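Participant: Read off the chains here:
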Amino acid sequence: MRLEYAAMVFSKSTDNKETGEMQPSTFAPLSARRLLVLGGIGLILVGMLFGDIFAVFVLHQNAARVGASLAAAAHAALAGDHAAVLASFQDVGSFLENRGTKVDTHVHMIDFGYLALMLAILQPWIAFEEKAKRGLAWLFLAGGTLLPVGVFLIHYVGLAYSPLQTIGWASIFADLGGLLVILATLGFLLGLMNHFRSHAPSHVKDGLLPDRSTESRLLLGGGMVLVLAGFLHGAYYAGVDLYRHEALDTSILTNMAKAAAANDVGTVDRSLEAYGQLQGDKAVNIAAHAHIIEYGLLAMMLALFQPYVRLRESWKLRWAYVLILGSVLLPVCVLMELKFGLVAGGLADFGGLLVIVALFAMWIGILRYTGELDSQAGDVR
Amino acid sequence: MSNSRRLLIVGGIALALWGMGYGLWYAVFAEHQALNGIGGSLATAFDAAARRNPGAVETAIRDYKEAKYVYDRQVDVHGHWIGLAMLLIVVGIAFDRVRFAERQRLMLASALLAGAAIFPFGVLLETFDHGAIPRGIAILGSGLVIVALLGITLGIAGGEAPSE
Numbered sequence: 001m002r003l004e005y006a007a008m009v010f011s012k013s014t015d016n017k018e019t020g021e022m023q024p025s026t027f028a029p030l031s032a033r034r035l036l037v038l039g040g041i042g043l044i045l046v047g048m049l050f051g052d053i054f055a056v057f058v059l060h061q062n063a064a065r066v067g068a069s070l071a072a073a074a075h076a077a078l079a080g081d082h083a084a085v086l087a088s089f090q091d092v093g094s095f096l097e098n099r100g101t102k103v104d105t106h107v108h109m110i111d112f113g114y115l116a117l118m119l120a121i122l123q124p125w126i127a128f129e130e131k132a133k134r135g136l137a138w139l140f141l142a143g144g145t146l147l148p149v150g151v152f153l154i155h156y157v158g159l160a161y162s163p164l165q166t167i168g169w170a171s172i173f174a175d176l177g178g179l180l181v182i183l184a185t186l187g188f189l190l191g192l193m194n195h196f197r198s199h200a201p202s203h204v205k206d207g208l209l210p211d212r213s214t215e216s217r218l219l220l221g222g223g224m225v226l227v228l229a230g231f232l233h234g235a236y237y238a239g240v241d242l243y244r245h246e247a248l249d250t251s252i253l254t255n256m257a258k259a260a261a262a263n264d265v266g267t268v269d270r271s272l273e274a275y276g277q278l279q280g281d282k283a284v285n286i287a288a289h290a291h292i293i294e295y296g297l298l299a300m301m302l303a304l305f306q307p308y309v310r311l312r313e314s315w316k317l318r319w320a321y322v323l324i325l326g327s328v329l330l331p332v333c334v335l336m337e338l339k340f341g342l343v344a345g346g347l348a349d350f351g352g353l354l355v356i357v358a359l360f361a362m363w364i365g366i367l368r369y370t371g372e373l374d375s376q377a378g379d380v381r
Numbered sequence: 001m002s003n004s005r006r007l008l009i010v011g012g013i014a015l016a017l018w019g020m021g022y023g024l025w026y027a028v029f030a031e032h033q034a035l036n037g038i039g040g041s042l043a044t045a046f047d048a049a050a051r052r053n054p055g056a057v058e059t060a061i062r063d064y065k066e067a068k069y070v071y072d073r074q075v076d077v078h079g080h081w082i083g084l085a086m087l088l089i090v091v092g093i094a095f096d097r098v099r100f101a102e103r104q105r106l107m108l109a110s111a112l113l114a115g116a117a118i119f120p121f122g123v124l125l126e127t128f129d130h131g132a133i134p135r136g137i138a139i140l141g142s143g144l145v146i147v148a149l150l151g152i153t154l155g156i157a158g159g160e161a162p163s164e
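Residue numbers (the numbering used here), protein chains in the order written: chain A, 1 to 381; chain B, 1 to 164.
Keep in mind that a hint or two might mislead.
Said to hold, decoys possible - Ranges of calculated distance between the beta carbons of each label pair, as one might list FRET restraints: (1) A:A274 / B:Y69: 33 to 43 Å; (2) A:A142 / B:A132: 40 to 50 Å; (3) A:R312 / B:A132: 19 to 29 Å; (4) A:D81 / B:A114: 38 to 48 Å; (5) B:A132 / A:L278: 24 to 34 Å; (6) A:M193 / B:A114: 12 to 22 Å; (7) B:F121 / A:L86: 17 to 27 Å.
Hints were generated in silico from the structure; no laboratory data involved. None of the values given here were measured: they were computed from a predicted structure. Built from N, CA and C at the ideal position, the CB exists for glycine as well.
All chains, full assembly: derive it from the sequences and hints.
Facilitator: What follows is the structure in structure tokens.
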């Protein structure tokens, strides 16, 4: 397998020197790279759309229900009603599980999409035959889809027909999906190590990497700045707010419960309001931190795929600007949500939509490129 | 492929695998128990309030605080290991655009890889020891990541590097 790979790599290198262009062979129909690029961007798009729908139709309503159930528990404690306290906390648990599994679905789908794109870029360095690489790509995409779908279903399937006491079938399938992704990634890592041990490691050339177009540089530089800004914000949050928020969380809940035990209605209501504000403050900081880094990474990865985007140069640049604009708008407006409320929230959702539209446009550009390649191959036949 | 680039790409994939393995272990063996502990202690606190028992309230809230502290950090560790691993791979792939000599690039790559491994590890240690040492390790790790990223950004902004 290694000799075949070395011969393939060497022939690619020669072709590249002659033509100076990208090798269609690296992006052939159902090749590992094409599967991972189209599947990866597809996973990111679905994950982002799911996140936007979740933010608009579920997140705030769910937070209000959690707050209402906590208030009901506190007031039941005031009234000395044990049964109502426990029932309210069961509701809180159910609402939190609903929220948690939706967030996990969104995050895992997007992260697997990112990993798929990275593995797509690395394909020329994976020293396996194309058939084996294709198998690993399918395994990765199957696991990357199974895990988020399984996580999404956890809230609805629960423990029905489960052979285990705490883990239901949806969780079992989600974990299986995670295992498939690990196995596929491990396979690609072995292929990469195989490449480093092979005789011709320096002959691999890839048409994607030398690209220095304006849109590629904008996406790469913009992405780096976004990631750096995200890390600086995260460091600031960890240094200034994290421990204060944790201490406040406990002290507010202690005050609330003790006030309920002392039949002090005023303190219970003030604590409930303070707890809601604290949760909001924590949520916007974490969301801004996560999204700015996530979008920075996405911009950097898309910078590397620009040669595959078959659109006019002017449109490629416009979509790159739109993606960067949305990537800045969403986290900044999320941070301002506590001060400016729904206006900032709406602008944040619009920012997310800009990123989705720009990504979709690039995906269409890549599909056009694959169509062009396939029709050329058809002409030859 | 240069040594700096190889370090980032192989280190990134290894860190991603490590982070996913940790996440899988956590999801199967620890997460459900942790969530039950958080919910159960909070419910116990308010049930104790309903019984007008402030001592039991305090004990239950203390349990809640500890369970929540550990849960938040374990989720952060999983997320940061994988997030940083992806950053390592992407930066590694684009590393030929960093306009520094290979020696400086190797230093930046080593700092980024070390920071990416150490920072979440420090956060994980915080679940065993609430003292200053784990926190110091986490700060050192995040500092390394930020300084390396700053250097790489400057290297990319500085202009085009010669191709490898």
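Participant: Taking the hints in turn, state whether each one holds.
Facilitator: Status of the hints after comparison with the structure:
1. A:A274 / B:Y69: 33 to 43 Å: Violated, since A:A274 and B:Y69 (Cβ atoms, about 20 Å apart) do not stay within the stated range.
2. A:A142 / B:A132: 40 to 50 Å: 45 Å, holds
3. A:R312 / B:A132: 19 to 29 Å: The hinted range 19 to 29 Å is violated for A:R312 and B:A132, with Cβ atoms some 57 Å apart.
4. A:D81 / B:A114: 38 to 48 Å: 55 Å, violated
5. B:A132 / A:L278: 24 to 34 Å: 26 Å, holds
6. A:M193 / B:A114: 12 to 22 Å: 21 Å, holds
7. B:F121 / A:L86: 17 to 27 Å: Violated, at about 39 Å.
Of the numbered hints listed earlier, those contradicted by the structure are 1, 3, 4, 7.
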